[in-house]
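Asks: FYI, the numbering for the sequence shown is 821 to 970, going by my numbering.
These are calculated hints, taken from the structure and not from any lab test.
Treat the numbers as computed from the prediction; the structure is a model and nothing was measured.
Quick reminder that beta carbons are idealized off the backbone N, C-alpha and C, glycines included.
Any given hint might turn out to be false.
Derived Cβ-Cβ restraints for the label pairs, each shown as a range [claimed, not checked]:
1) Ile865 with Tyr930: 28 to 34 Å
2) Gln921 with Ile871: 23 to 29 Å
3) Gly935 with Val848: 50 to 56 Å
4) Leu867 with Gln921: 25 to 31 Å
5) Lys827 with Pro911: 25 to 31 Å
6) Val835 with Lys926: 16 to 22 Å
Below, simulated DSSO-like cross-link-like pairs (lysine-lysine); rule was C-alpha separation at most 30 Å, straight line [to be verified]:
7) Lys955 with Lys926
8) Lys962 with Lys926
9) Lys955 with Lys922
10) Lys827 with Lys963
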Amino acid sequence: MNLSNMKFMQIYRIVLIVLSLLLVITIVFLNLFFEIIGLSAFGLILLALIIFTHITIRQIFEYNSEGEVLIIRNKNIFSGNNIYRGLDEFPKRLVRQYKLQKTFLKKKLYISIKGRSRVIILNYDVTFVKAQKLKELEDDLKKLIGYEAA
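Put together the whole structure using the sequences plus the hints.
Replies: This is the structure:
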């Protein structure tokens with residue numbers, strides 16, 4: 821099963837850039853014409869917070885379970901199309917369990933795999949994956965773990 825939220829992220833990237841530019845223009849306008857320094861400082865802090873948040877969160881999630889190897893990529897929208905940070909490839913037979921944790925603003929996927937001498941827990945940010953695709957992902961992981969148990 822292939823799963824990716826890349827199409828949604830392309831639209832999200834454009835909206836994020838436009839909103840950031842509008843925020844910068846608003847800050848400059850308020851500072852030049854109304855000389856509201858406190859409000860423009862608040863806007864700059866807000867802009868810095870938006871940029872920091874979106875640099876540190878890995879928004880793009882790709883999952884491929886075709887074949888004998890499970891491939892999971894989790895990267896940032898600003899890291900470029902050819903750079904894959906968070907690329908994990910491991911045989912399906914090593915998967916022991918998974919947990920999908922949903923909080924108010926974040927969704928995380930934890931996958932436990934068997935290492936040589938210990939269990940390794942991998943975590944992925946799936947906040948920007950739609951609910952229907954998360955359901956499909958859970959179903960595929962249930963089949964994978966059920967297949968291993970049988």
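Asks: List, from low to high, the hint numbers that the structure doesn't satisfy.
Replies: Per hint list: zero violations.
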